[in-house]
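Enquirer: Chains as they are written, first to last, in UniProt numbering: chain A, 1 to 206; chain B, 77 to 340.
Careful, some of the hints might be misleading.
[To be verified] Not everything, but these chain B residues come out facing chain A in the computed CB check (under 7 Å): (1) ARG181; (2) THR210; (3) ARG300.
[As the list claims (entries may be wrong)] Sample of chain A residues with no beta-carbon within 12 Å of chain B, all distances over it, derived: (4) GLY68; (5) PRO72; (6) LEU88; (7) LEU120; (8) ARG200.
Honestly, the hints are just simulated from the structure, not real lab data. A quick note: this is a predicted structure, and the numbers were derived from the prediction, not measured. From the three backbone atoms N, C-alpha and C, an ideal C-beta is built for every residue, glycine too.
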Amino acid sequence: MASSPPLPWLKPAFLVGGLSPLALLLLELARGTLGANPIERVLNQTGMLALLVLVASLACTPLKLVTGWTWPPRVRKLLGLLGFGYALLHFLVYVGVDQGLRMGALLEDITKRPFITVGLLALVLLVPLAVTSTQGMVRRLGFPRWQRLHRLAYVAVSLGVVHFVWRVKQDVTEPLVYGGVLALLFAIRLAEAVRKRRARAALSAT
Amino acid sequence: VPKPKRPRGPYDTDETPTPYEDATTYNNFFEFGAAKGDPAENAHTLKPRPWTIVIDGEVAKPQRVDLDTMQAWFPLEDRVYRMRCVEAWSMVIPWLGFPLAGLLRRVEPTSKAKYVAFTTLKDPTQMPGQRTDTLEWPYVEGLRLDEALHPLTMLAVGMYGKVLPNQNGAPLRLVVPWKYGFKGIKSIVRISLTEKEPPTTWNLANEREYGFFANVNPQVAHPRWSQATERRIGELRRRPTLPFNGYAEQVASLYTGMDLRKYF
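Sequences are here, hints too, so could you generate the full structure?
Expert: Okay, here's the thing in structure tokens:
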């Protein structure tokens, strides 16, 4: 297989691109142009960005499988961590600013409101993935075990979509678009797994 | 924001009105889109004049009346009310209008009249949001007759001393300050007195989340969020939500003996 060009700008470009919505948000916050309810705007934007970037990170491998491009997997970790960062920020704004650290209210939200419970669960599932994202951790866990663990990403992002579906008031089109893309990505991975298994079976049969 | 110069009326709050800019750019009016900024952007297609209102049902004097004619029947009053949205944000809005009770008495409800049903204009050419089926159109709302006759209940034709902007429900909207904002039906074309409880739009869309009464109640949580606190637009910290949005003294007696958890 031909080795792909080094593309030294690839990761910096994705990092800058991935952080620019945050920079814009901070700029709008500083200029006071976030509208009548800035906290709601920040919550909606960070939540949306978390989901968008996490879905993008899950798209890297399927994209390589479909197109043969070798660059997408090289930004997968970066996108995964960036998505986790947005999800964490979303959570911190909810806890610290929106709810003002009122523990009673937070506890009630988490235990009584499924859309909050599911959102928190999605974030919690992302924590071990973020922690084990380094090369050292891949080595320490061994690749097969690391890979199994990181399949949790699909569970976490699916829960994120459910969180979004349960949050909207009436029109569920937007969250269902995320759900649809996620299902498509999962289907590509599944098809690839089936293809590999068949190839292995054919190999062992000879 | 300048404080009103006139003396404070018996129903006015002395709280600082929400900036006009916020009250006219952060709206729920699904007829013009589901996002908060959509109504301000899209409502220019609404033509608030000429405007006819049909008043019918259980009344001795059913009629079709031009809004300018109707407005001339009553002196316009300024009322500074708190407005609490079911989504847990709130504003303080100086309305301009007249009590609904005056209009209802004028058309003489019959002895069968128990409820008042309201209907919004249905015209997708003027209201582009009605081309999608996010809600059942036209928007409908209702009050029990005693709620409708309460002196706090008003029909507004203006706010902040100006004509009602399209995105705020021009040319005629309902204001019921002790209930969640969605009860305040906008761009009203029909007022019918009925014997039976009329259907209401958000109740039809999701009866578990939105009841017929929709009285502001910090004790009864929305299934997806708490109603115990609210964010006053322009403030960082949440403030506690008051029973009946702070109008308990005036309206709590309308509901004596009723289980407000059941009739939410």
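Enquirer: If a hint holds in the structure, say so; if it doesn't, say that too.
Expert: Going through the hints against the structure:
1. At a threshold of 7 Å, the smallest CB-CB gap from ARG181 (chain B) to chain A is about 36 Å, leaving the interface hint violated.
2. Given hint, THR210 (chain B) at the interface with chain A, holds; its Cβ is 5 Å from that chain's nearest Cβ, closer than 7 Å.
3. The interface hint given for ARG300 (chain B) holds, since its Cβ lies 6 Å from the closest Cβ of chain A, which is under the 7 Å cut-off.
4. With a closest Cβ-Cβ approach of about 40 Å to chain B, GLY68 (chain A) is found to remain outside the 12 Å limit, as its non-interface label requires.
5. With a least CB separation of 32 Å from chain B, PRO72 (chain A) remains clear of the 12 Å interface cut-off, as annotated.
6. Every Cβ of chain B is farther than 12 Å from the Cβ of LEU88 (chain A); the closest lies at roughly 21 Å, confirming the non-interface assignment.
7. Even its closest Cβ contact with chain B, about 14 Å, leaves LEU120 (chain A) beyond 12 Å, as expected for a residue assigned away from the interface.
8. Even its closest Cβ contact with chain B, about 47 Å, leaves ARG200 (chain A) beyond 12 Å, as expected for a residue assigned away from the interface.
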